[in-house]
Structure formats: C-alpha cells, structure tokens
Amino acid sequence: MMRLELVKRPQRSMLFSALSPFLAFGLTIIAGAIMFALLGVNPLSAFRIYFIEPISQVWQLHELAIKAAPLILIAVGLSVCYKANIWNIGAEGQFILGAIVGSMIPVLFPEFEGPLVLPLMLLFGMVGGAAYAAIPALLKTRFGTNEILTSLMLVYVAQLFLDWLVRGPWRDPQGHGFPQTVQFNDSAILPELMPDAGRANWGFVFALVAAVAIWILMSRMLKGFEVRVLGSSPRAGRFAGFGLNRMVFFAFLLSGALAGLAGISEVSGAIGQLQPVISPGYGFTAIIVAFLGRLNPLGIVAAGLVLALTYLGGEAVQSALGISDKVARVFQGMLLFFVLGCDTLIHYRIRLIGLAAPKLEAAPKLKEAR
Amino acid sequence: MDITVNILLTIATAATPLLIAAIGELVVERSGVLNLGVEGMMIMGAVGGFGAGYLTGSPWIGLLAAVAMGAVFSLLFAVMTLSLATNQVATGLSLTLLGLGLSGMMGTSFVGQPGERLPNLDIPGLTSIPVIGRLLFGQDPIFYISIALTAAVMWFLFKTRTGLTLRSIGDSHTSAHALGIKVIRYRYLAVIFGGACAGLAGGHLSLVYTPQWVENMAAGRGWIALALVVFASWRPWRVLAGAYIFGAVWIGQLHAQAFGIPVPSQLLSSLPYLATVVVLVLISRNKRLTMMNTPASLGQPFVPDR
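Residue numbers (my numbering), protein chains in the order written: chain A, 5 to 374; chain W, 45 to 350.
Check each hint, because a few of them may be wrong.
Said to hold, decoys possible - DSBU-like mimics (lysine-lysine), calculated; alpha carbons at most 30 Å apart, straight line:
1) W:Lys203 <-> W:Lys226
2) A:Lys12 <-> A:Lys87
3) A:Lys87 <-> W:Lys331
4) W:Lys203 <-> W:Lys331
5) A:Lys12 <-> W:Lys226
6) A:Lys87 <-> A:Lys227
Just so you know, the hints here were simulated from the structure itself, not pulled from any lab data.
Using the sequences and the hints given, assemble the complete structure.
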C-alpha cells in the first residue's frame with residue numbers, strides 16, 4: 005500500500021507554474037488515447053481526426069476563431085472573479101441574457117438600420133449580461149447568499165426564458181412555426197473579418213482586445229492589485245481599505261458584461277437570429293479555459309484556442325468515426341481535472357511513501373542542523 | 045381522496061432523489077469538504093443504473109450499479125482534493141462537467157430504449173388498506189431507503205462517537221489532526237458515502253422516476269440538493285423537510301402545466317430554480333443561524349504537516 009504525501013515548497017515553483025498546463029495536456033492525451041482504445045478506435049488515427057484535421061485549412065482556422073471568441077471573452081471575465089475568490093459560475097446565463105437584450109433591437113425594430121445598430125446592440129448585450137450578473141452579486145452582498153448556487157440556478161431560468169421568447173412573443177410569424185426569431189437585418193450582423201477566407205467575425209477581435217485590456221487592468225492598475233489582495237487575503241484587503249462588497253459587484257458586473265458581449269456577438273455573428281439553444285455550453289467550458297489559462301488573460305487566449313479545438317474535434321470524430329460528440333465534453337472535463345492536479349506541483353512536492361515505519365531519525369538531524 | 049393520495053405519492057417520488065443526494069452531501073460537508081460535483085455523480089449514477097438494468101434485465105442490479113458508479117466517480121474528487129489538496133470548488137465543478145460529458149457518451153446507445161423499473165412494494169393485506177396503505181406500504185424501494193438513510197445519518201452524526209469525530213473534523217481539521225484523528229481518512233470515507241448517495245439518487249431517476257435514459261436527466265437536481273444542505277443549515281431532518289417542499293414545488297408546476305393554467309410552461313418549469321434562489325436568500329438573511337451551523341473549515345484544503 006502506497007500513500008501520497010504533500011510537502012510544501014518554500015516558494016512557488018516557477019518551473020511547474022509554466023509547465024503545468026502542458027503536463028495536463030499531455031496527461032489528457034494519454035487518457036484520451038486509452039478512452040479511444042476502449043471505444044475500439046485506433047488512438048493515432050482518432051487523434052489525427054480530432055486535433056489535426058479540423059485545423060488543416062484556412063477556413064477551418066476561421067471556424068476555430070468563431071468557437072474560441074466566446075470562450076476567451078467569458079473566461080477573461082471569470083478570471084477576474086476567480087482571482088478575487090468570487091465564484092461566478094453562471095456565465096452561461098449571462099451569455100444568454102446578453103444575447104436576448106442585445107437582440108431586442110433587430111427583433112423589435114427590424115426596420116431600424118444604419119451604422120448605429122451594431123454598437124447599440126453590443127452595448128445592450130453587455131448591459132443585459134451585467135444586469136443578470138448583478139442579481140447574485142446583490143444577493144451575496146445584501147444577504148450573504150452563496151453566489152455559486154444562485155448564479156447557477158439563474159442559468160436554468162435564462163435558458164427557459166429564451167425558450168419562451170423564441171416560441172412565444174418573439175417567434176418569427178413567417179417562420180413556418182419554427183421556434184426562432186426573424187433573421188437579423190444586414191446592419192445587425194457582425195461583419196466577417198476576411199469574407200473571402202472564412203467566416204470568422206469581429207467577435208474574435210473583441211476577445212483579443214478584452215484579453216489585453218484585462219491583462220493591463222490586472223497587472224498594471226490599482227484595481228487589479230485590489231482584486232489579487234482581496235482574493236488571497238480578505239483580511240489584509242480590509243486593512244488596506246478595499247471594500248469586499250464593492251469588489252463582488254465589480255467582478256460580477258465585469259464578467260457578466262463580457263459574457264453578455266460574447267452572447268450578442270455569437271447571435272449577431274455566427275447565428276444571425278435567436279433560437280432556443282444558442283450555446284453549446286460556452287459559459288461552462290469557459291470555466292475550464294480560465295483555469296487552463298492559469299487565470300492569466302494571455303494564457304486564456306491560448307487556452308481558448310485549445311478548448312475551441314476540442315469542440316471542432318468532437319464534431320469531426322462524430323462525423324468520421326460515429327463517436328458521440330460528447331467526447332468533446334469528456335476531453336474538456338479531463339483537461340480541467342489534470343490541470344488542477346498538476347497545479348498542486350506548483351506549491352507542493354509530491355512524495356510517494358510506503359506505509360512502513362515512519363522515519364523517526366529525521367527529527368534529531370534537524371536539531372543538529374540548527 | 046384518491047387524487048390526494050396520488051399527488052402525495054408523486055411528491056414523494058420527486059422528493060426522494062433530492063433527499064438522498066442532499067443527505068449524502070450533508071455528511072460530506074459536515075466533514076468539512078464541499079463537493080460541488082453532486083450533479084455529475086448523480087448523472088453518472090443515472091446512466092450506470094439504467095445501463096446495468098437494461099443490459100442485465102434486473103433493476104436491482106441497476107440499483108447496485110448506480111450506487112457503485114456514484115461512489116467510484118466521487119473517488120476521483122477525493123483523490124484530487126484530499127490527496128492533492130486541489131481547490132474544492134474548481135474540482136467539484138470539473139467533476140460535474142466531466143460527469144455530464146461521460147454520461148452523455150456512455151448513454152448514446154441507451155437513448156430511446158425501454159428501461160427496467162424497480163417494482164413498488166406490495167404487501168398483501170397492508171398495501172390495499174385505503175388511503176394510508178399505498179402511502180406507507182406501496183412505494184418504491186428507494187423511498188424506504190431514503191427515509192431509513194435520513195434516520196441513520198441523524199443517529200450517526202449526533203449519537204455516535206464516530207459522528208462526533210466527523211463533525212469535529214469539519215469544524216477544525218487542524219485541532220482534529222493535532223488530537224491524532226485521521227482527518228484525510230475520515231474525509232475519504234465521507235466523500236465516497238456522498239458519492240454513493242448521489243449515485244443512488246441518480247439511479248432513482250432512471251430506475252423509478254422515469255425508467256429511461258435521457259441525456260442530462262438530472263436537470264439541476266444535484267445543484268438543488270446542494271442548496272438544500274445550506275437551506276437545512278446542515279441538519280438532516282431539515283433536509284427531509286426541504287426535499288419534500290421542493291418535491292411539492294416540482295410536482296406542483298408539472299400539474300399546473302397539465303391543467304393548462306394560462307401561464308407560460310417555461311415560467312412554471314423555472315419555478316424550482318427560482319424557489320431555490322428565494323429559499324437560499326431567506327435562509328442566508330438569518331446570519332446567526334448560518335454562522336452557527338456552517339462547518340467552520342468547509343471548503344478549505346487540508347495538508348497534514350508532520
């Protein structure tokens with residue numbers, strides 16, 4: 005019988021801090037190979053279909069950018085929350101509300117056209133997401149209600165609300181009864197970046213801008229310092245005069261606004277109308293992106309691309325090998341598990357010890373050394 | 045009269061999975077560990093229970109498989125948070141995400157297949173007593189397990205020495221460790237117990253509640269169970285009361301939809317989730333009650349120093 009023992013490192017290991025995401029990715033690949041083998045598929049060819057073929061042509065890279073944009077946008081917002089030890093896990097709901105509020109303009113005023121439409125939609129989207137995120141923030145600061153559970157419950161409510169809208173009041177009367185709104189008019193569609201090469205739209209640019217902006221905020225501005233202090237030691241933060249309640253609102257409103265922006269960008273860019281389901285779980289996958297990116301905005305950009313690839317790969321193995329596209333979810337879950345496990349190596353050394361006699365001679369040696 | 049009995053029976057069926065999952069999580073949290081993976085363990089229990097029942101033709105084997113599935117899946121969480129001291133919130137979330145993905149993949153071939161249902165209790169002479177007969181002697185076996193489990197946990201936590209030790213670990217793992225108590229070992233057992241309960245709750249969904257496999261069929265019940273533990277301020281009998289209140293809400297909105305009440309069905313469907321939020325707010329307004337009952341070291345990683 006063996007036992008794991010953790011030995012605290014005197015300071016955090018820079019080596020493992022940099023290495024851990026790669027280590028986690030490697031372990032995911034190994035576990036994935038075992039999984040494919042169990043499914044009766046040759047792991048090597050499965051990996052080629054999963055990780056290489058979906059990004060071997062230029063138009064496919066555009067698809068990657070389309071999937072990565074919402075993940076990055078949401079995850080950079082969440083990284084601020086998690087750094088501050090505030091647990092917003094309802095980004096999926098804020099994404100949906102952003103999409104709904106932003107879509108009010110093209111759905112309710114389809115005749116309204118011109119260059120003002122898009123900026124207004126994006127603004128509405130951010131306001132919608134932020135307002136929805138304000139609910140758990142308000143409940144937490146006002147009543148001390150656990151924000152994990154409230155923000156998550158509101159995801160289900162948002163999904164049902166969207167379902168009601170597109171089947172009820174917002175349904176396209178000319179849509180042959182399909183549960184969807186009218187197609188947005190041209191001025192409400194987020195333009196593509198390079199229409200000749202592929203479908204990628206401005207949403208990816210928003211994601212990159214948001215990542216850089218949050219990086220500057222977190223590493224160069226007082227607010228970022230406040231986030232880190234309150235996150236690692238709320239007591240120290242209070243002595244420094246940083247308000248915890250204000251921070252809860254700041255983190256929720258910021259992450260909610262970014263999730264809302266992701267929502268309206270997705271609807272106006274990739275979809276072009278509202279449907280009962282507008283997200284393959286971006287709000288939850290973004291949690292993985294945030295951790296895989298080490299809660300660092302620039303790391304999150306890389307992690308967002310990796311997770312976007314897991315979506316594309318899932319679709320690819322489904323069509324090529326007939327495996328359920330849920331395999332993408334499994335990869336994502338494993339990746340998060342391994343990255344959390346590998347992060348332990350940053351703060352601890354891991355020793356494997358047998359359950360034999362404990363080493364008593366260690367104590368006197370310590371005395372001699374002193 | 046018959047309608048009342050039928051409604052009470054459906055409420056009990058809706059409340060049972062919430063009760064079992066919440067009772068399991070209560071023990072986990074009393075030991076100082078916050079496992080947010082209840083939804084994931086539950087859905088794994090549901091797919092494991094359905095699959096084993098479907099493949100062997102015996103719902104009883106399905107029941108055992110559901111429990112085993114939940115327990116094994118929770119072991120993953122235990123190794124991560126207890127042996128590797130990872131962040132419990134993030135690890136619990138990833139357990140849920142992984143569970144949703146894995147169950148979807150494992151269940152692909154079960155979609156649309158007829159499942160095995162656990163038979164209701166039927167005692168000649170007793171079950172046929174009017175009104176109380178079916179309520180007391182005619183329900184599904186997991187209902188009786190859930191009630192017995194609640195009583196057993198209540199007794200274990202507050203009347204046994206081991207239960208006292210478990211609670212002391214939840215309140216201060218450092219002191220408990222200093223007293224020579226094997227903190228990590230206790231917590232491993234608590235987490236696995238919680239996983240087995242969540243698996244059983246999932247098995248109830250796919251072997252009793254709706255004997256079929258539907259992707260994502262836990263539909264947030266795992267999260268509601270987590271909320272129930274907070275609502276109950278970590279007391280088993282309050283979990284029982286809470287589970288039945290939520291069972292009533294769940295069934296109430298279904299009946300309202302069936303009666304064609306002129307309210308959007310989506311609004312009715314969202315009632316259990318909205319009720320959870322309202323209930324959490326009401327309970328957290330009472331700061332003293334929450335402060336007094338929350339296990340003091342809940343959610344904090346523990347690395348024994350030696």
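Do the hints match the structure? See the list:
{"no.": "1", "hint": "W:Lys203 <-> W:Lys226", "verdict": "20 Å, holds"}
{"no.": "2", "hint": "A:Lys12 <-> A:Lys87", "verdict": "22 Å, holds"}
{"no.": "3", "hint": "A:Lys87 <-> W:Lys331", "verdict": "26 Å, holds"}
{"no.": "4", "hint": "W:Lys203 <-> W:Lys331", "verdict": "27 Å, holds"}
{"no.": "5", "hint": "A:Lys12 <-> W:Lys226", "verdict": "19 Å, holds"}
{"no.": "6", "hint": "A:Lys87 <-> A:Lys227", "verdict": "12 Å, holds"}
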